[in-house]
Amino acid sequence: MSFRDWYRIDRLPTIYCVGCGNGTVINCTLHAVDTLGWKWEETVFVSGIGCSSRAPGYIKTDSLHTTHGRALAFATGIKLARPDLHVVVFTGDGDLAAIGGNHFIHSCRRNVDMTVICMNNWIYGMTGGQGSPTTPRGAITTTTPYGSGEGVFDLSALAVVAGANHVARWTSYHVKELTRAIQTGLETPGFSLIEVLTQCPTAYGRRNKLRDVAETVEYLKDHAILLQKYNRLVQEGKPVPEDMFTVGEFIRRNRPAMGVPP
Amino acid sequence: MKLVIDSDRCKGCNLCMLVCPYRIFKEGKDQNERGIIIPELDRPERCPNCRLQRLYGRTVCGLCQMICPDQAIRWDDEKENEPQKVVIEF
Ligand SMILES: Cc1ncc(C[n+]2csc(CCOP(=O)(O)OP(=O)(O)O)c2C)c(N)n1
Ligand code: SF4
Ligand code: SF4
Ligand code: SF4
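Going down the list, the protein sequences come from chains A and B.
If you count the first sequence from 1, position 74 lands on 74 in our numbering, and the numbers rise without skipping.
If you count the second sequence from 1, position 4 lands on 4 in our numbering, and the numbers rise without skipping.
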């Protein structure tokens with residue numbers, strides 16, 4: 001079987017804009033799930049609201065498209081009632097970190113056995129480009145017309161301190177690494193967060209000089225620095241180039257988890 | 001097998017052009033009936049997948065297929081009697 005067999009072809013093409021990174025992330029997720037040999041009937045995809053959260057609607061398995069920010073609460077419910085099911089959550093930065101922020105930290109704390117894939121495009125895409133907790137400083141959005149002056153949530157760092165068992169970050173350019181990270185997340189008992197930086201050419205790119213899709217993906221590639229390299233630079237006291245974000249596996253550990261099948 | 005772009009799904013984002021190590025995808029020129037400019041294929045038989053996919057029982061490289069946000073890239077079997085082009089480039 002191939003990852004393409006998991007798609008509901010009658011639903012394709014997706015409603016996503018030209019060059020939206022969400023499609024790439026779904027490809028990688030389905031590839032990981034398919035490589036592990038999971039069955040459709042044993043796998044549930046859960047999401048909240050947002051462009052990213054439309055992902056389960058394109059997949060053949062059972063799924064829950066829930067209320068905004070509450071995907072993790074629904075997913076926890078599934079895990080407690082049916083620990084035998086594999087639960088994978090698709091969410092956006094607004095869905096996970098803004099309205100769903102509390103569910104996020106407490107799901108990490110409880111370490112519920114699920115894999116959460118957050119498509120972080122730095123903005124509320126679906127509602128037309130409002131700033132989110134991950135909007136970079138200085139970025140133009142409809143709610144920050146003079147440039148955002150707020151600090152930024154580092155979702156991966158947040159998940160690490162809140163207690164998740166596995167946390168990794170990649171971008172929509174790093175398809176191979178991302179697929180491998182998702183696979184590790186799926187295999188790790190307990191809570192796993194895979195943060196994927198993706199392009200949203202429509203709501204974010206258009207306002208922030210990243211209108212061209214290929215250029216944006218290249219921007220993601222050029223501004224990603226491997227965690228190991230970052231640590232080495234810090235250790236050697238060398239300057240870390242500005243505007244860079246770290247990618248790689250931040251943690252893999254074995255804290256007691258909830259909802260793991262006996 | 002041969003590499004094809006599904007013109008019903010492709011939205012013309014050109015991400016495939018960005019990742020292919022063989023530069024098989026070239027910027028398209030003409031709009032299709034949906035107004036989308038689909039990339040052109042430059043000697044697609046150079047893609048190692050065309051020849052090795054069956055032999056190895058897995059996708060080789062496959063970067064374009066993975067990054068394509070619209071699931072538009074696939075490898076089809078040649079029709080009977082269709083000439084098979086096999087080119088290997090190192
Ligand atoms: C309770 C509630 N509040 C607000 C909304 C409006 N709303 C829909 S999607 C969305 C933001 C989604 O942003 P994000 O999670 O970043 O997803 P993206 O569209 O960027 O993928 C908001 C605020 C809603 N549907 N429900
Ligand atoms: S608005 Fe942004 S996130 Fe939503 S489909 Fe378009 S490009 Fe993707
Ligand atoms: S599989 Fe690799 S070599 Fe073949 S067309 Fe795609 S990107 Fe190019
Ligand atoms: S990546 Fe896919 S959708 Fe984008 S131009 Fe290439 S074939 Fe078309």
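Hints were generated in silico from the structure; no laboratory data involved.
C-beta atoms are modelled at their ideal positions from N, C-alpha and C, and glycine is treated no differently.
Take the hints with a grain of salt, since some may be wrong.
List time: in silico DMTMM-like cross-link candidates among lysine to aspartate or glutamate, alpha-carbon distance up to 25 Å [as the list claims (entries may be wrong)]: (1) B/K29 / A/D212; (2) B/K79 / B/D6; (3) B/K26 / A/D222; (4) B/K29 / B/D42.
Residues from chain B that keep clear of chain A, each with C-beta distances beyond 10 Å, as calculated [what the hints assert, rightly or not]: (5) D8; (6) R9; (7) K11; (8) G12; (9) Y22; (10) D42; (11) P44; (12) R51; (13) V60; (14) L63; (15) D70; (16) R74; (17) E78; (18) E82; (19) P83.
Taking the hints in turn, this is what the structure says about them:
As the CA atoms of B/K29 and A/D212 are separated by approximately 17 Å, the hinted pair is consistent with the 25 Å bound. Between B/K79 and B/D6 the CA atoms are separated by roughly 17 Å; this keeps the pair inside 25 Å, and the hint holds. Our distance criterion of 25 Å between C-alpha atoms is met by B/K26 and A/D222, whose separation comes to about 23 Å. For the suggested pair B/K29 and B/D42, the alpha carbons sit about 13 Å apart, so the restraint of at most 25 Å is met.
With a minimum CB-CB distance of about 7 Å to chain A, B/D8 fails to clear the 10 Å threshold, and the non-interface call is violated. Its closest Cβ contact with chain A, about 5 Å, brings B/R9 to no more than 10 Å, contrary to its assignment away from the interface. At roughly 4 Å from the closest C-beta of chain A, the C-beta of B/K11 falls inside 10 Å, breaking its exclusion from the interface. Distance check for B/G12 against chain A: the nearest CB is about 6 Å away, which does not clear 10 Å, and the non-interface claim fails.
Non-interface status of B/Y22 relative to chain A is upheld: no Cβ of that chain comes within 10 Å, the nearest being about 17 Å off. B/D42, annotated as away from the interface, keeps every beta carbon of chain A farther than 10 Å; the closest lies near 17 Å. Once the 10 Å rule is applied to beta carbons, B/P44 is consistent with being away from chain A; the minimum gap is 18 Å. At the 10 Å boundary, the C-beta of B/R51 stays outside the reach of chain A, the nearest C-beta of that chain being 18 Å off.
Every C-beta of chain A lies more than 10 Å from that of B/V60, the closest at about 12 Å, which supports listing it as non-interface. At the 10 Å boundary, the C-beta of B/L63 falls inside the reach of chain A, the nearest C-beta of that chain being 6 Å off. Not every CB of chain A lies more than 10 Å from the CB of B/D70, the least distance being 5 Å, so the non-interface label is violated. For B/R74, the shortest C-beta to C-beta distance to chain A comes to about 7 Å, within the 10 Å cut-off, and the non-interface label is violated.
At roughly 19 Å from the closest C-beta of chain A, the C-beta of B/E78 stays outside 10 Å, upholding its exclusion from the interface. The Cβ of B/E82 lies farther than 10 Å from every Cβ of chain A, with a closest approach of about 23 Å, so its non-interface assignment holds. Non-interface status of B/P83 relative to chain A is upheld: no Cβ of that chain comes within 10 Å, the nearest being about 26 Å off.
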